[in-house]
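As you go down the protein sequences, you meet chains A and B in turn.
Using my numbering, read the first sequence as starting at 1 and increasing by one per residue.
Using my numbering, read the second sequence as starting at 1 and increasing by one per residue.
Keep in mind that a hint or two might mislead.
If you want the footprint, here are the derived chain A segments under chain B, 3+ residues with CB under 8 Å [claimed, not checked]: (1) 7 to 17; (2) 29 to 38; (3) 73 to 85; (4) 143 to 152.
Computed far set for chain B versus chain A, every beta-carbon distance over 10 Å [unchecked claim]: (5) Thr37; (6) Ala40; (7) Glu41; (8) Ala43; (9) Glu109; (10) Asn140; (11) Val145; (12) Thr168.
Calculated from the structure, these hints are not laboratory results.
Predicted, not measured: the structure shown is a model, and the values here were computed from it.
Yeah, the Cβ is synthetic: ideal placement off N, Cα and C, and Gly gets one too.
There are 2 protein chains.
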Amino acid sequence: MRKLIVFNHVSLDGCFVDASSSMQWAYTGSDDPEFETFTAENASGDSVLVFGRVTYQLMASYWPTPAALKQNPTVAAGMNRTPKVVFSRILTHATWNNTLLLHGNPVEEIRKLKSEPGPDLCILGSGTIVAQLAPARLINEFQFVLDPIALGAGRSLFGGIPAPLNFTLTQSRAFSNGKVFLRYTPA
Amino acid sequence: MRKLIVFNHVSLDGCFVDASSSMQWAYTGSDDPEFETFTAENASGDSVLVFGRVTYQLMASYWPTPAALKQNPTVAAGMNRTPKVVFSRILTHATWNNTLLLHGNPVEEIRKLKSEPGPDLCILGSGTIVAQLAPARLINEFQFVLDPIALGAGRSLFGGIPAPLNFTLTQSRAFSNGKVFLRYTPA
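Sequences and hints are given; from them, build the entire structure.
Laid out in structure tokens, this is it:
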């Protein structure tokens, strides 16, 4: 059965995006070679990326642009090539390369996708999707990079979950740029 | 000069209290002897405890009671004996043993307290106070126990800060109960 993982940067106050829906704050400290090597290796599978509409549109507005191809050629090429799934009730088509647009209920669609053969699935950002799939116990693993910043405002990955969720810590690794990688499975 | 530190449990979604203002979720996993030894040693200074009104009243309603003295005799005795400071514009007196009630602006009062001789100061809970003192750069160290739980709702320690705050990670230690102790200084 395909695994579904979540990968996200999180601030000390629990946000994955700031009040302007930006993830820019998470890109500081990228000059730590040990951290760079770790994240490159960690991301080097061939997962299918899974998004909610908001995160999808944010990423689709950046990665295919000449600016992204110039600033981050390797990541941009990977993001553009990788198969993507986006959940939305309102989008009528998805223009970013290699995207499957799904209109159905994310819990049912993911249950179906997980039962089919194929590579693992990885959610980036997409708090609304995480908050629906986590209580349904469809997420096999949560990977967080805890950034040494407090944003003061923003969105939590777990806003709207009907009850607290407990996790089992399976890995923690601190980097000299102050980021801490944390890996959890549902308890 | 006296140091001011913050010590708090934090959920994965950045809350120090849940939607019912409870910290009860943070007390799970206390059967890990290594974690218990660590927290007992870490708390064994003779700091003055600093509170906002809400956290103060929460703690004052528990620690002096027969239930607390029975369930947690050592911690209760320590909490009741330790000198405490509470900030409030509305309280007229503070009934919990050994409490100094301050009506002034927390930034000015803490600046004054820090310039006087005496033991270090330690804030527990008290998000409103942290969110005022942190941007004023009056907090020398932040100690967090990151608990393996997502609450879904609650209060952040940094709600209302006027701009993001960056930190330097100085220690991280994971425990087998899934809690991660994190120590930061302001960057």
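- Broken hints, numbered, in rising order? 2, 3 and 12
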